[in-house]
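Note that the protein sequences, when read in sequence, are chains A and B. If you read the first sequence in full-length UniProt numbering, its first letter stands for residue 1, the second for the next number, and so on. If you read the second sequence in full-length UniProt numbering, its first letter stands for residue 1, the second for the next number, and so on.
Rather than coming from a laboratory, the hints here were simulated on the basis of the structure. On a predicted model such as this, the values are computed, not experimentally measured, just so you know. Among the clues, some could well be false.
Said to hold, decoys possible - Ranges between beta-carbon positions, derived for each pair:
#, chain 1, residue 1, chain 2, residue 2, range
1, A, L182, B, G46, 51 to 57 Å
2, B, T293, A, T293, 57 to 63 Å
3, A, L182, B, P100, 21 to 27 Å
4, B, P160, A, H206, 45 to 51 Å
5, A, A16, B, P326, 22 to 28 Å
6, A, G304, B, R27, 35 to 41 Å
7, B, G123, A, A191, 57 to 63 Å
8, A, T293, B, P100, 43 to 49 Å
9, A, L182, B, A212, 51 to 57 Å
Ideal Cβ placement from N, Cα and C applies to all residues, glycine included.
2 protein chains.
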Amino acid sequence: MSTGGSGEARMSGEDALIARLFEPIARHPGALGLKDDAALLAVPPGHELVLTKDALVAGVHFFADDAPGSVARKALRVNLSDLAAKGARPLGILLAIAIPADMSSAALEAFATGLGEDASDYGAPLLGGDTVRTDGPLTISITAVGAVPTGSMVKRASAPAGQAIVVTGTIGDAALGLALRLAPDRPGFKALAPDERAFLADRYLHPRPRLALAGALRRCASAAMDVSDGLVGDLAKMLAASGVGGEIEAARVPLSVAARAAIAAEPELMVTALTGGDDYEILAVMADEQLDTFAATATASGIGTAVIGRTFAGEGLMVRDALGAPLPVGQGSFSHF
Amino acid sequence: MSTGGSGEARMSGEDALIARLFEPIARHPGALGLKDDAALLAVPPGHELVLTKDALVAGVHFFADDAPGSVARKALRVNLSDLAAKGARPLGILLAIAIPADMSSAALEAFATGLGEDASDYGAPLLGGDTVRTDGPLTISITAVGAVPTGSMVKRASAPAGQAIVVTGTIGDAALGLALRLAPDRPGFKALAPDERAFLADRYLHPRPRLALAGALRRCASAAMDVSDGLVGDLAKMLAASGVGGEIEAARVPLSVAARAAIAAEPELMVTALTGGDDYEILAVMADEQLDTFAATATASGIGTAVIGRTFAGEGLMVRDALGAPLPVGQGSFSHF
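Next up, chain A with everything else stripped away, as it sits in the complex (with noise of 0.2 Å):
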């Protein structure tokens, strides 16, 4: 972790703090011990880089009480959903985070702790990056770096007429859980069980990135992304991109026993599942005889897949309801700008 500059969180007390908690995670030999000015990486022969960077910001992305292990364990993880979308491995990650002077050096073990059992679990080993100090939020950006066979990136714009549209996992459930923890005491949450409410929750807290479906999106996919802003809009994004129209079912989009019920005790819960954001999973669009093979490589893996629509020569996005009508989700996603 280099340092750069006046007023940086530096020297003795910076250089201490690094070595107690990033340090040990950081045990790929191109980290360099976080000691020198940058990180040195490898890459396979045959292969290209992919490079995604998210930041998050506490009280905009998640909330201040959070547990810090599960922030960290979040940050992560938007980044490899990321990379599992455009069927990279991941390679390393850099971590750059402004810790407020109000965090204790007991949070900032469990930051630490969290992470680093994440980038061993999803072999993405600490790199480099920086520490400093800030008078805001708890802000964390993490750059993660991944790999695919050179010309295999499978790509967001590239979506094709006339295939499937293809989501994994559940859809929703980040949502829910958000607005769970928001607003416990509507209907649609007082009707769950306990381990329900618990699921949501969790769901929202952490995603799940899909990179054991890396292979299967090259092999399989036209067009892949993950859904972090929202299922419609996610899928507006990508045919807007790709020159195509689409179609999908609402009744086809994947829910879990959880969302399922708290919609059935309140159903406008279902435009939630559909537009809000935080789900991590992938949404591909695939010829309809790469279907089985996708679904056989996610089913192996513990990850359900569902048809959910199609493609078509055209524009625009249209969600139907169980009965052939018309959804009214509005624009689909929510933007603060």
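Start from chain A and add chain B according to the hints.
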């Protein structure tokens, strides 16, 4: 620029902002128009990656009223300085920017313009990143991706005993520029002509990454780092990491005309120059027989070099004054932790 998760700045508003400000400076084909989840980058054959990531926070690493274009340039240049010190050439950058609600569109545009000009000038195209909102100060993290011929990265911990300690450019200007900004009425600064004050102020705002020396460092240097946290402190770190001792003569540390004038009027500013941060010059250790080649290459690029001391078998760093007496410079750097 991918967008990830609930509360993210996203969809139409963010997309429009990104498109207007950042897409024009992301012309590298691997940036995919900032419209995919990740960027794609080919690494030149026979090369390894050099990766660095520095974060800057308003009120900590720069003044909240610094011109946004200057802030962008500094954020980029401190990262490129790390690449230069490692002998790497830039391949591209990723940017994460957390934008306070009160940052105007004009300020954002100035930020993007400064970043774009520098990215172009230094051959470090914007590949991707993330724009998010924050309730706190403007926070910027840049990841710089560079490349070196395999096996040739110049490390920090590889300084042998019995070699020359070399610095580029002039030392202390940025630290004096910061001191000038904080206390313009100090005798050392009142003694300066207006253009000398402007020079120091500019050196604080606009580091000059020594990318032109990357090749010469690979060929000539045994070890190198960029001077970001103060010459004395950074040299002490390099020596300790390398397991050798060193001695420098303060009188041989290259000073600008403005720095010399300020120190002449207020001698204690010499300690500021030797221990203050933000130089972003190169500190290198090299064999005596490499000195001429290195100096000639630097001169050809308009960059001065100076031998300021030697390494020796042992430990610690001794700073001597012109008479050979040890100069008290404290711990050589400053920590917020």
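**OP:** Could you tell me which of the numbered hints above are not met by this structure, giving the numbers in increasing order?
**Re:** none
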